[in-house]
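With chain Z fixed as given, assemble chains A and P onto it according to the hints.
Residues per chain are reported as follows:
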Amino acid sequence: MVNITHTPVLIVVLLLSGAFVVALLSKYLQVGRFIFLLTAAMVLLLSTRLTFMVLEYGTIHYTLGGWAPPFGIEIVVDAFAAFSSLVIAGVSAVIFWFAVFGPREVNNETGYYSLLLLLTAAMHGMVLTGDLFNLFVFVEISSLAAIAIIAVKGTGESIEASFRYLVLSALGSGVVLFSIALIFMISGHLNMSYIHDALVITAGQYPLNIVLAVGFMLVGFAVKAALFPLHVWLPDAHSNAPTASSALLSGLVVKVYIIAFMRIVYLALGIPIFEILPIRQIFLVLASIAIIMGSVFAMVQDNIKRMLAYSTIAQVGYIFLGVGLFNQRAVEGAVFHILNHAIMKSLLFLSAGVIIHQSGHKKISELSGLGRRIPFTFAAFSIGALSMVGIPGTAGFISKLYLALGALDAGQTLFAILILISSLLNAIYYFPIIIAAYFGKDSPLDARDPAWATQLPLVVLSLGVLFFGLFPSIAIPLVRQTAQLFIK
Amino acid sequence: MAIIERLSVNVYYLVSVILFVIGFHTMLTHNNLIKKIMGMNIMDTALFLFFVSIGYIRGGQAPILINGVEKYVNPVPSALILTGIVISVSFTAFALALVIMLYRYYGTLDADKIIALRGRRHG
Amino acid sequence: MHDMILEMIARLLIPMIQLFGMYVLFHGHLSPGGSFSGGTIIAASLIFYSLVFRFSERKHRLQHDTSLLFEGGGALLYIVVGLVGIFFGYSFLTNRGVFPLGQAGRLWSSGMIAIITVGLGGKVAGTIFTLFQELLEGGTDTDGNH
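Residue numbers (our numbering), protein chains in the order written: chain Z, 1 to 488; chain A, 489 to 611; chain P, 612 to 757.
It is possible that part of the hints are untrue.
Derived pair list, reagent style DSSO-like, types lysine-lysine, alpha-carbon separation capped at 27 Å [said to hold, decoys possible]:
id : chain 1 : residue 1 : chain 2 : residue 2
1  : Z       : 153       : A       : 601
2  : Z       : 27        : Z       : 153
3  : Z       : 153       : Z       : 362
4  : A       : 601       : Z       : 362
5  : A       : 523       : Z       : 153
6  : Z       : 363       : A       : 523
7  : Z       : 153       : Z       : 363
8  : Z       : 363       : Z       : 488
9  : Z       : 362       : Z       : 441
10 : A       : 523       : A       : 601
If you're looking for bench data, these hints aren't it; they were derived computationally from the structure.
Bound conformation, chain Z alone:
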């Protein structure tokens, strides 16, 4: 079989080889940094090219090693995969720049860069693959790398947080593997589209297998994506990691598991089978609780990074809410929120990291008046916060609007009200920081904005937030095609 393009496999291969090369360059730090950033830039180019190809030719199928699909591993790049890959490539490139030029927080720099590349490779692999076991391998690689980029900070708390993350993550992986075994048992395939075809016939004969498999899959990915009652590892892990890691984990990693789960649902399991269990209702209930409780927990935090971590739990709830509502506009909102939240949460974490580094304070109560000392970084933080609240003109507004419209389309006015309430809650914990920083009593600290190289990622992400808030139509074709994959 002739393949149209090698781009999807080259993305993963490039990142993996970058990771191995950078790991060997501990003696040549500058070369290592250069290769690290070069890899990210090339992956961004490849991802953009892939997206345009998918928009032009439709879904791309790539077979590895020339083995035809039921036996070989197949890469399936549909609109959703291309969109996710582009989001991962774009946001990770910005975060990588910050990891190189931002404040130093780790000892072993090349090892850290290698882990970041490995994590990104696993994320790309997870969204591009069409093979269930291949997906599991990438899930495991990304889990290990994600745990490692927390522990790399080397403080007692970060290691304790990463150990707790490891235990829960291993549990999640275990049940996901169990679920894959149960699916393999009754379908005999690992390729997702073949599983789909086989399950249409066999699912009715083995309802117990399907119920267990779907349940295990849900629990496994909910642990990794920090859906509300299973989120306990997230606040410690995300708040104790180095800044670049926090941004990457909160902005991308958590969401990639949702993407992988959604891909399994519509590629492999199929919507009718998926509805054997009342999964949508479970999603709606858990997502509502997550949105409210995440915001409530965020309100009472005094550590700024911890507050942002709890806010991530609420935002994960939004995405599950959109998936649970399950109509065109709600799913569009959820998919758009994956992009928007990736940009604004990375922006918030990076600017918070810069603020903490420049001022030496991480308590919200100690940041009063710093907006006048560190005007530039605080402006970036404010843009992210405004977008989080959902002020019109920022990216956060668009996805919340779509979600609310989707809720109204589904006739569930309750959830539209819920989104409004949660916006108010967001305002309650984001606005006091901004107001105190700009109009509060003067700070005795002699802090100032960092060098331009550190600020560049903040500028890019702020512009991204405003750009997708003012011109959401750029992303709409991909988002719409993605939603149509679900609502067939």
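For chains A and P alone, coordinates are given in the frame of chain Z:
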């Protein structure tokens, strides 16, 4: 008797589920970090047994082409589990490395004591 | 401490273990075994050696760098072999049509699989040996280079 017959046919599944529950329980309820890692390994082993026994065919030979052998077991699950074992080994090694670091910081392997110590240090 | 019996037995056994590891490694495509099992056996012999003949600090360092090189190099070899397929106009990791396949049942009968197996065997041996060393030292080195 029918149920015993069914159990004896599905004994691999039964044993792997029992092992899975043992591992799961150990991992969640024990305070000792090393025991948590042991639980993780037991759980993984249970999953490997489960996965491999899916591909097992009674009386089947190892899937290598040899003249005179007609019946082979399904090689796919075994090949997958080889990868699974490697992943499990890396998880274990990484967890042990973290435990060593934790012991150096807190001087104990008890999860509750570590949390208490952390609370005392950071108010 | 200097243990005569241990050293003599190690001297006798280590070549045997390594030979067996090589056998498992090279026959990975013909019989049970391959890069993971073969690499682990070779790593076991290295660990045995380093336990019996305790390394001086400087020697240690050298071992680290070598095993790290094996780790990265093995994976890179895999990727390069995969890219050869793309270079000849097939997909990534293509075997048939790119590499000579040979006659089934013979040692050289698998095209790229043998190359990949050897590369990965080196990687596995390097990784396991590095893991052992790191856990043994308990990360005592503070400069964070390893």
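>> Could you work out which of the previously given hints the structure breaks and list their numbers from low to high?
In response: 6 and 8
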